[in-house]
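Asker: The primary structure of each chain is shown beneath.
Protein chains: 2
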Amino acid sequence: MGVTEVFATDTLGQGALTGITVLDLGQAFMGPYCALLLQRLGADVIKVEPLKGEPYRRPTVRKGTEMMQFGLLNAGKRSVSLDLKNPEGRELFLRLAATADVVIQNFAPGTFDRLIGVDAVLDANPRLILASGSGYGSTGPYRSLRAMDLTVQAMSGVMATTGFPDGIPVRTGPSVVDFMGGAHLTAAVLAALVQRSVTGKGQHVEVALYDAILPSLASNIGGYLDNDGAIPERTGNRHGGLEVSPYNSYKTQDGWAAILCLHDRHWASLCRAMERPELIEDPAFKTGRARAASIDRVDAVVEAWTSTRTTDDVIMVLSDAGIACAPVKSLREVITDPQVAERGMLRYHSREDRDWWTLGSPLRLSDSPAPEESEVPRLGEHTAEVLAERLLLERSELEALDACGVTGTGTEVKDGYHGRSSLALVDTADS
Amino acid sequence: MGVTEVFATDTLGQGALTGITVLDLGQAFMGPYCALLLQRLGADVIKVEPLKGEPYRRPTVRKGTEMMQFGLLNAGKRSVSLDLKNPEGRELFLRLAATADVVIQNFAPGTFDRLIGVDAVLDANPRLILASGSGYGSTGPYRSLRAMDLTVQAMSGVMATTGFPDGIPVRTGPSVVDFMGGAHLTAAVLAALVQRSVTGKGQHVEVALYDAILPSLASNIGGYLDNDGAIPERTGNRHGGLEVSPYNSYKTQDGWAAILCLHDRHWASLCRAMERPELIEDPAFKTGRARAASIDRVDAVVEAWTSTRTTDDVIMVLSDAGIACAPVKSLREVITDPQVAERGMLRYHSREDRDWWTLGSPLRLSDSPAPEESEVPRLGEHTAEVLAERLLLERSELEALDACGVTGTGTEVKDGYHGRSSLALVDTADS
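Chains A and B, in that order, give the protein sequences. For the first sequence, my numbering assigns the number 1 to the initial residue and increments by one for each residue that follows. For the second sequence, my numbering assigns the number 1 to the initial residue and increments by one for each residue that follows.
None of these hints come from the bench; they were simulated from the model. Hints may contain errors.
In silico DSS-like links for lysine-lysine, alpha-carbon gap of 30 Å or less [unchecked claim]:
| # | chain 1 | residue 1 | chain 2 | residue 2 |
| --- | --- | --- | --- | --- |
| 1 | A | K286 | B | K52 |
| 2 | A | K251 | A | K201 |
| 3 | A | K52 | B | K286 |
| 4 | A | K286 | B | K85 |
What you are looking at is a predicted structure, and each value in this text was computed from that prediction instead of being measured.
Model the full assembly from the supplied sequences, consistent with the hints where possible.
Answerer: Written out as structure tokens, the structure reads:
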């Protein structure tokens, strides 16, 4: 069994979480991403949505079509539509929770307690793991603050450290805070499942976005402390602590190449690749400390070389020389990247009037096969199926619940995500 | 049991991973962060380092002191120093692996197979979980490429989507790729532990940095697809899909405030807070779609208000109005932030001639107490202790291994991390 064979897609067997049921009350990214990762590990994930659908089931502002990102985060789950504000809806949720292993929620502070309650759900099922995602956690002075990816980027130093010394603080393009939160929340759920395998008991786990992003600032915080605050907070595309050089994006004839040399031997290889062998022994560049002190000159030397070549040429030459480098790819190039396709991280699907994209999982387990291709659930598509299967409700009961507005069964519901063609009906961007 | 009481620091009981042993071969961030999270869950984490120490045990370029970030990533672990290139050292490692539950490695492609081998380590212990972190994974066309946080940011679209439409691609200040990788690798290890609790068997799990960062681009990829590529890749501090407005950082008298309004009701609250109630019914601003179409005007209106006030004043008024907002904090403000302190995410320690900082864990489990305050292990500090405890080696054997250069016991070793005072001896920045 070699490394290259272990993760082949034809691996047989059960998933790591086969038999585990997850109720996903998540919204937007943090909760839904956690539930997505659990689904890809083999869990049965039931997305429990309000009658109007999760807020991210909304049409795009410009074209009014369904948002692709909803599908990216939710394909492979089942959708149950339930009004938690209705006492009967809440009761149904608690009965579902009694049959489940995990409940995930990332409502605004106070909302879950108002709708359901931590005690109520854990009393309903002592083996249950309740996973709460929030902006700042349930303790500390910020615990009541509303938070989104942007505001936590502002609060946590992500923005302060992103951008150029002479420019303004910059948010990251990707939603790194939300997804860092979701990945950590997944780890917390799984740790509680490990603990349950010993104790037989569930528990409440929580992850705060603010806590989850802080460790990623280790080199910024470390650099600040090591230099007594005497280096800029933002260093552009240079190393955060200005400790490594070369380390930057360098202009090429047709774009940019990211290049760094951690060790002197890499620098020597780079000098040879640039056909500047005389620089290897130059005291201004010979050691890491010398290059850090001559950072402007190093960058000028490297860019003088890259700017006469195409990005592909630079990458080919430097990869062959064993130097860490990469093209700065456009979003279009990433979406069509052969590595992304090979790893199944992004897949296009279409059938009849719908088309959608799905995400793969970064979690690769040699003995836990990835689930098969998955669809994006329509709102309430599985309400009847799940309530019949788990609570043994009969057709007449299901119809009565629907008629009273306690549940939504997809076929009845006019709002929300119904596939591309029907979304023009909906204007919920600001509901 | 209410939400605010669950996570008190005096929670009693065993950790979720009490009794689990982890061998951490990790370097820099991805592997060491994974091991750190497992340590904070109660695992016994043994950091296995070469005789010269992990590459991040190196002095800072400017001052020559130990790097704070090494302590941030490794406090609470034990350090065993072992030469894996020596056949006896490799044999000792395999014997240790036979007593362990998890091995973590994030060497460059091919290195682990050359030093140890996937088969060898899993043969030595069929219950072992081997966790491999890498840049691009063990499959696909990029599988052999060297990767660092910077180069994966370039390759994955993180840089393409960060920055301003009229500016160049920007790397994020924090090492979001490395830590996203580490958080996912932790989830993969825990999923395999869950699976082992059913099957009794270990397995090989892997996480690629490139896979781990891709989901965080969901809204950029979705926005690109939804708009047929007709919006800029980089939108500065505005919403990535230009779907939400206001959504930006706005200049104040003394800094910046991040503000966003997802719904019309938030916009209405903002108009009242700005004492501009007439804007609520203005057709140019009334709906989300209208505001997205008038994004420049919306931003001008909001900044006209924020720029006459201090950041604190803006945040106080808008928080009271229930609007998601945050100050753009400097790194110094983050390090001294009361919420960071209250959550224990960053702690300062000093004793005798050493001082160090430690990270808390974003994973909060109500029934799994956080470990006590922890120290940064000196290189090889626990070599003798661990080998005596796990392999029952005797003093004479330990001395012979040290004498032959198979192991390092800390007191003998002259290189690497020995606390601040001794580091001036070392010049390993480019070893």
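Asker: Taking the hints in turn, state whether each one holds.
Answerer: Against the structure, the hints:
1. A:K286 / B:K52: This hinted pair holds, its Cα atoms lying about 21 Å apart.
2. A:K251 / A:K201: Distance ~57 Å between A:K251 and A:K201 Cα, so the pair is violated.
3. A:K52 / B:K286: Status holds; Cα separation ~21 Å.
4. A:K286 / B:K85: 28 Å, holds
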